[in-house]
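Enquirer: With these hints in hand, go ahead and build the complete structure from the sequences.
From first to last, the protein sequence lines are chains R, Z and Y.
So the mapping is simple: the working numbering equals the position in the first sequence, first residue as 1, plus 2.
So the mapping is simple: the working numbering equals the position in the second sequence, first residue as 1, plus 2.
So the mapping is simple: the working numbering equals the position in the third sequence, first residue as 1, plus 2.
One or more hints might be untrue.
Note that identical chains are pooled: a pair holds if it fits in a single copy or bridges any two copies.
What the hints assert, rightly or not - Derived lysine-lysine pairs resembling DSS-like cross-links, with alpha carbons at most 25 Å apart:
(1) 107 with 5
(2) 124 with 5
(3) 124 with 14
(4) 14 with 107
(5) 138 with 14
(6) 124 with 107
(7) 107 with 40
In short, the hints are calculated from the structure, not lab data.
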Amino acid sequence: MVKVGVITVSDKGSRGVRIDQGGPLIVEIVSELGWETKVTVIVPDEQAMIEQKLIEYADDVQVDVVFTTGGTGFAPRDVTPEATLAVVHRLAPGIAEAMRMESMKITPKAMLSRAVAGIRGKTLIINLPGSPKGVKECLEFILPGLSHGIDVLQGNTGDCAEQVTGDGCSGKSRTAASAIRQ
Amino acid sequence: MVKVGVITVSDKGSRGVRIDQGGPLIVEIVSELGWETKVTVIVPDEQAMIEQKLIEYADDVQVDVVFTTGGTGFAPRDVTPEATLAVVHRLAPGIAEAMRMESMKITPKAMLSRAVAGIRGKTLIINLPGSPKGVKECLEFILPGLSHGIDVLQGNTGDCAEQVTGDGCSGKSRTAASAIRQ
Amino acid sequence: MVKVGVITVSDKGSRGVRIDQGGPLIVEIVSELGWETKVTVIVPDEQAMIEQKLIEYADDVQVDVVFTTGGTGFAPRDVTPEATLAVVHRLAPGIAEAMRMESMKITPKAMLSRAVAGIRGKTLIINLPGSPKGVKECLEFILPGLSHGIDVLQGNTGDCAEQVTGDGCSGKSRTAASAIRQ
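Expert: Right under this line is the structure:
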């Protein structure tokens, strides 16, 4: 079972002057996959505090994936990507690219997302938008591909190049995708 | 009113042996939006000189957005992205991704663009291509989403997560985008 | 004639317990373009060893382009992108973006690719997937645009902004692309 941590980044949410909707929505959506949210927190838009929680969830709680929500835009205090970049050991640029590429089909403002994703130890960290609508859209885009990544990161699967007699890593989805394109 | 700075990066342009077309074209296109170009300059492909102008336009002139044109390709002296990365405080990867994603529909050579975008203080810095055709195409791709980003960066708008009863950040464009897709 | 180096990154391949398919496939595909592979090697997933070979191929052998295959996923020992980032002088983000954007049309798992591309001196370095299927797909996506980039990097071509009377950099492909879109 995949273990999840959720960090809501919001000045107003952390002071209790706004109800956090993004965080609970993440918990709800991933629970439909059977994933269990182990820890959640609301922190202000302070880089050091975001970093501290990311490290705690990855190193101490040892969740498989941390989702952040909020703090990825152009506002002067938006620093969630900076906190994430400061603590990950390896980047996973394709996840944020995929979110933006799909979101761009809905609104050109999607290009303003500064979200990043990366790996710290055995924990995947992914920045999601702050708005409930953005959270839902982005999770829908990335969840189909994410389970495999988490399995590989945990060492639960063989490496892709071994499947030399089959279609390689992208084999399973090939037929469906080909059908869609026709 | 949005205040703009334009930096043309070109060895030949700076020596006067080539007429700068990219810079004046940027000034013309943004003026159609009512944006005012406060400062323009032509500098050679020298990283230190590009950095110096970027810092001057952001910190001293305090324009809202700086567009560079030129120096983003594979030529040995192309260093505009490196100069930009050296001075921005926060990255805005989605803007360059959007330019390349759209340009790829026109030519596969678009993947050779090494353009980046980022934020220094309250100034957005965006690398555009050197060719007038590339400048025009890229500005057309990004301008629809850019005004909102500049507003947020200047603190002229509420944060997205607040619009809890509406469609969130992407609300305004939703209907139009949905219509286009049908 | 374009000179190529190929580095297969694989723990099992380097110990001889798995036959390398990705490396020979790269050699075969680029030979169809008349490109000559000067050097090939299989190294384990050790960052220092990958870096050493990248530097050797770029600085000593002076190939025009190095393709790596393998080590770009989420497995704990996958560090090919980290080795590449450590040795390149300039990033070329559009190449990896293009590979992922096209691969995403085949499978959502493509977003898990952590591949990067960049330039060291006059050598372009590109991370390809480990699976033969992934190698073939990604090379098909990027080879159409790559020759021009290599020419520019070697100083064999004028800069794009000079073509002021034509269509600029994207001129050549314009008609074909427009035709395809109709």
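Enquirer: Any hints from earlier that this structure breaks? Give me their numbers in increasing order, please.
Expert: Numbers 1, 4, 6, 7, in rising order.
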